[in-house]
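Enquirer: Sequence:
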Amino acid sequence: MLSSAHPRFYDIRLRPFFGQNESVDVGIGIDVAQIDDVSEVNMDFQLTLYFQQSWVDPRLRFTPGTVNCSVNLDSRVIDNIWLPDIYFINDKKSFVHDVTSQAKNRMMRLYPDGRVMYGHDRTMNFFFCMMHLQRYPLDTQNCTLEIESYGYAADDLKLSMLGGSQEKAVTGIDNLHLSQFEVTNFQFEYRLQNFSTGSYPRLSLKFRLKRNIGYFLLQTYMPCSLITILSWISFWINYEATAARVSLGITTVLTMTTISTNVRASLPKIPDIKALG
Numbered sequence: 001m002l003s004s005a006h007p008r009f010y011d012i013r014l015r016p017f018f019g020q021n022e023s024v025d026v027g028i029g030i031d032v033a034q035i036d037d038v039s040e041v042n043m044d045f046q047l048t049l050y051f052q053q054s055w056v057d058p059r060l061r062f063t064p065g066t067v068n069c070s071v072n073l074d075s076r077v078i079d080n081i082w083l084p085d086i087y088f089i090n091d092k093k094s095f096v097h098d099v100t101s102q103a104k105n106r107m108m109r110l111y112p113d114g115r116v117m118y119g120h121d122r123t124m125n126f127f128f129c130m131m132h133l134q135r136y137p138l139d140t141q142n143c144t145l146e147i148e149s150y151g152y153a154a155d156d157l158k159l160s161m162l163g164g165s166q167e168k169a170v171t172g173i174d175n176l177h178l179s180q181f182e183v184t185n186f187q188f189e190y191r192l193q194n195f196s197t198g199s200y201p202r203l204s205l206k207f208r209l210k211r212n213i214g215y216f217l218l219q220t221y222m223p224c225s226l227i228t229i230l231s232w233i234s235f236w237i238n239y240e241a242t243a244a245r246v247s248l249g250i251t252t253v254l255t256m257t258t259i260s261t262n263v264r265a266s267l268p269k270i271p272d273i274k275a276l277g
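Just so we're aligned: 250 in the UniProt record's numbering is position 250 of the sequence shown, and the numbers increase by one with no gaps anywhere.
Hints were generated in silico from the structure; no laboratory data involved. Treat the hints with care, as some may be off.
As the list claims (entries may be wrong) - Keeping only pairs whose Cα atoms sit at most 20 Å apart, straight-line, the calculated SDA-like set for lysine to any residue is: (1) 206 with 123; (2) 210 with 221; (3) 168 with 140; (4) 206 with 59; (5) 274 with 92; (6) 92 with 202; (7) 269 with 41; (8) 206 with 142; (9) 168 with 269; (10) 158 with 23; (11) 92 with 36; (12) 210 with 140; (13) 158 with 51; (14) 158 with 27; (15) 93 with 126; (16) 92 with 122; (17) 92 with 33.
Unchecked claim - Label pairs and their in silico Cβ distance ranges: (18) 114 with 272: 51 to 57 Å; (19) 150 with 214: 24 to 30 Å; (20) 213 with 58: 21 to 27 Å; (21) 245 with 271: 32 to 38 Å; (22) 74 with 217: 42 to 48 Å; (23) 213 with 89: 29 to 35 Å; (24) 70 with 167: 21 to 27 Å; (25) 231 with 89: 37 to 43 Å; (26) 184 with 225: 23 to 29 Å.
Yeah, the Cβ is synthetic: ideal placement off N, Cα and C, and Gly gets one too.
Full structure from sequences and hints, please.
Expert: Given below as structure tokens:
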């Protein structure tokens, strides 16, 4: 049924539509499982996701035995099929779920018209994110996941949203629960990135993260406010009670310094004046 995929007829080194003056369109789908951590110190965010790709390879067309027939390919067969050279540009490091490593945790489904659906099991990725902390902890950060073809220029390969829309291509964001942030908006954009070697297709998934202020109200703002109010007691202490007035003042300064030090320990060493500390 898949005789066209035999090495005698199928060259894995050649992309689909090679020599036909036509580019291959690769649809990208992302299922976001969790944003596990956003680190101000390392300027990155940890994202667990499922990554899907879909394209048409006319060399893999076959005659179905039944209506709406599709074929699931074994991982050993996948190694002999052409795959897009898609990678994450701002990826610092990644880990693939490999509990059942014998199956390599990847899936490929082939349809009679040559359409290929290819997906990985969940991966844990650390993506670089340049943060602006001048308004910390009242800040809003914009973090991006950048997807691009490494070797194929726009004339050879195009990137698109799987399903034709942002809502179908990106799923799972509405179910995210972060400890310090709230995802207020996301956007999936396509553009061409120009380099000296040509123009390359790029998809950008942008997250808008708004920091939750509740933790800082309870752990920083309220204690500092209470300590400041308690320091006013010194105005009602007898002016002759020097030891009591000095002790209260020193205690206030030390407590405020300790709170400020703890806050700054969780931030990078930047020269900007922040809204806290």
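Enquirer: Hints first: check each against the structure and report whether it holds.
Expert: Do the hints match the structure? See the list:
1. 206 with 123: Roughly 18 Å separates the two Cα atoms, so the pair holds.
2. 210 with 221: 18 Å, holds
3. 168 with 140: 26 Å, violated
4. 206 with 59: The given pair, whose Cα atoms are some 35 Å apart, is violated under the 20 Å limit.
5. 274 with 92: Roughly 27 Å separates the two Cα atoms, so the pair is violated.
6. 92 with 202: With a Cα-Cα distance of about 18 Å, the restraint between residue 92 and residue 202 holds, given a limit of 20 Å.
7. 269 with 41: 8 Å, holds
8. 206 with 142: 7 Å, holds
9. 168 with 269: 40 Å, violated
10. 158 with 23: OK: residue 158 and residue 23 at ~7 Å, within 20 Å.
11. 92 with 36: Holds. Residue 92 to residue 36 sits at ~15 Å (cutoff 20 Å).
12. 210 with 140: Holds. Residue 210 to residue 140 sits at ~4 Å (cutoff 20 Å).
13. 158 with 51: 17 Å, holds
14. 158 with 27: 8 Å, holds
15. 93 with 126: Holds, because 5 Å separates the two Cα atoms, which is no more than 20 Å.
16. 92 with 122: 17 Å, holds
17. 92 with 33: Answer holds: residue 92 to residue 33 is near 19 Å, not above 20 Å.
18. 114 with 272: 51 to 57 Å: Cβ of residue 114 to Cβ of residue 272: about 54 Å, so the range 51 to 57 Å holds.
19. 150 with 214: 24 to 30 Å: Given about 42 Å between the Cβ atoms, the range is violated.
20. 213 with 58: 21 to 27 Å: 55 Å, violated
21. 245 with 271: 32 to 38 Å: 36 Å, holds
22. 74 with 217: 42 to 48 Å: 55 Å, violated
23. 213 with 89: 29 to 35 Å: Since the Cβ atoms of residue 213 and residue 89 sit about 32 Å apart, the hinted range of 29 to 35 Å holds.
24. 70 with 167: 21 to 27 Å: Since the Cβ atoms of residue 70 and residue 167 sit about 24 Å apart, the hinted range of 21 to 27 Å holds.
25. 231 with 89: 37 to 43 Å: 51 Å, violated
26. 184 with 225: 23 to 29 Å: For residue 225 against residue 184, whose Cβ atoms are near 28 Å apart, the range 23 to 29 Å holds.
Of the hints listed earlier, those the structure fails to meet are numbers 3, 4, 5, 9, 19, 20, 22, 25, in rising order.
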